[in-house]
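Engineer: Given next are the chains, with one letter for each unit.
2 protein chains.
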Amino acid sequence: MNILVKNESYSIGIDVGGSRVKAAIVAPDGTLIGQVIEKSRVVDPYPAARDQLISIVEGLISTSSTRPTSVGIGVAGLMDVSNRIVLAAPNCPGVVGVPLADDIEKLLGLPVEIENDANVMALGEGASGAARGSRHYVAVTLGTGVGGAIITDGKLFRGSTGGGSEIGHICIDPNGPRCGCGSNGCLEAFIGLKGISVWLRRNANHMKNLHLPRISEMAMEGDPDAIKLFEWVGTTLGVALAGVINLLNPDTIVVGGGTASAGPMLFDPLREEIARRAFKVYQTKLRIVPATLGNWAGVVGAGGLRRS
Amino acid sequence: MNILVKNESYSIGIDVGGSRVKAAIVAPDGTLIGQVIEKSRVVDPYPAARDQLISIVEGLISTSSTRPTSVGIGVAGLMDVSNRIVLAAPNCPGVVGVPLADDIEKLLGLPVEIENDANVMALGEGASGAARGSRHYVAVTLGTGVGGAIITDGKLFRGSTGGGSEIGHICIDPNGPRCGCGSNGCLEAFIGLKGISVWLRRNANHMKNLHLPRISEMAMEGDPDAIKLFEWVGTTLGVALAGVINLLNPDTIVVGGGTASAGPMLFDPLREEIARRAFKVYQTKLRIVPATLGNWAGVVGAGGLRRS
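Quick note, the sequences are listed as chains A and B, same order. Residues are numbered in our numbering as their position in the first sequence, beginning at 1, plus a constant of 40. Residues are numbered in our numbering as their position in the second sequence, beginning at 1, plus a constant of 40.
Do not rely on the hints blindly, as some may be mistaken.
Same chains, same names: a pair is fine if it fits in one copy or spans any two.
[To be verified] Restricting the straight-line Cα-Cα distance to at most 25 Å, the calculated cross-link-like pairs of lysine-lysine (DSS-like) are:
| no. | residue 1 | residue 2 |
| --- | --- | --- |
| 1 | 195 | 325 |
| 2 | 268 | 79 |
| 3 | 320 | 234 |
| 4 | 268 | 146 |
| 5 | 325 | 248 |
Derived by calculation from the structure, the hints in this document are not laboratory data.
With these hints in hand, go ahead and build the complete structure from the sequences.
Structural biologist: In structure tokens:
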């Protein structure tokens, strides 16, 4: 199991998505050095991705005076943690079922760990972001989908087959809309990007072609429809998170991802809904906070991966 | 933290509820010896309950040839585990805020552990019941309320303040009925005893005054309304448990409590709903099974409590 230990040395963190690869040297305090963003080669057949990541690591090492002692990789995919293999990754087909971590480790001569991207994002926020200091937190990312990660007693929560944490696929309405996962009424079916565009078509059709960052600006400028959208997203997320709080009793919930950029427009109704629904005794020390590391949380968290 | 270790010695398990106290000597293989049921004195002012439990333990020891080396107590209440104190217990007011475990330990000269009743029930089913051999399971009890416990990597899951596992208070319909917890649409508001009586009044008014064991018999005899009730309970429970599976990826779910006595009438629709809603990849090794230790699961589990 990968556990985030306090970094005592420099490492390299890599966040591999379907379109972009981000990487940097991660200092012991979480500071990033030499940030790199490249077009991802994970759609090409293996070993294209392996060669790309090795080249990135070598580039980072050659241009820095630090000596990174390990490499951590976050991948947008379902992991087989014990075998260090990506089981499924719709957007990163070129790294599925291949010994990416083992290969890079052999070729570079540095220890390499690999982990799910939502998990490394959560670990990053715990190491030097919004969940710093917490040992029991839940991280949620609001983007195209709704992802999540659970840290319990300072460690990544893993289920029986290394999975779990699929917060977006808690059902909050058995008669709700169809979800991409095959069920219906999942949180993601409501407030994933597809669900949000359905809401816009029904409730604010004039905004249906706008991107979320623009709608988020409009909300902050006082546009009533834009405000209503984020109230609805916050309230809907609150219904699901109140259940997660009653089930897991975390002390911190970190909410990140593009949709969370609406700030208080989203967080105020979210906190109200949670206050109304979750057990009072579980709310005494609870913080609901925005992620602070933005798009680089995954790189910070990946840099903290160590073999346990 | 209390952890269920494999019993290597005889112990005494006690399950303290609002109306009854059950106790027995628990053999290393989970067999119970000298089972005792008494009217509970936990409604009387302290130290009535302490004296009752000491008397039960002394009675068990004096009539047995075994030498129990520890005492475990399950209590129907919210625990402060680090201080070994019951924080809140509506049905057991006489043990709230008092040093029950410490006092009994001093007076008996045996190590005493105390734990929430849903947790000891789950530990009992894991030690020698339906979840035997599993290290990642969820236990659900369907009674007046809907309780739960989570075991992850062989240990009781505890949240940041020692709470959590309140499966009955996951919201499955934001517009659902009022719940005793102050929220609405919680699983318990639907399929706790109160929710079931609402269903009966609406859908099978002629059965509204029958007890559940009788309705469960009627279902097994083919009564269509009784069958419909358990189909609805199973389906409704399945909606919530599919979310729990996506979030926690357990390999076993144990369902016990009075309502679960309907057997396949409940478990068939429950399994169908879960199959329809939960991630397929999390279902490959998943078992949904009835609890097997009945009313004595708590005593078995309490007997396994040891200081870690």
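Engineer: Each of the hints needs a verdict: does it hold here or not?
Structural biologist: Each hint tested on the structure:
1. 195 <-> 325: The answer is both: 20 Å in one copy and 24 Å across copies each meet 25 Å.
2. 268 <-> 79: For residue 268 and residue 79, the Cα distance exceeds 25 Å both inside one copy (36 Å) and across copies (56 Å).
3. 320 <-> 234: between (33 Å within a copy, 22 Å between copies)
4. 268 <-> 146: For residue 268 and residue 146, neither the intra-copy (53 Å) nor the inter-copy (60 Å) Cα distance is at most 25 Å.
5. 325 <-> 248: neither (39 Å within a copy, 42 Å between copies)
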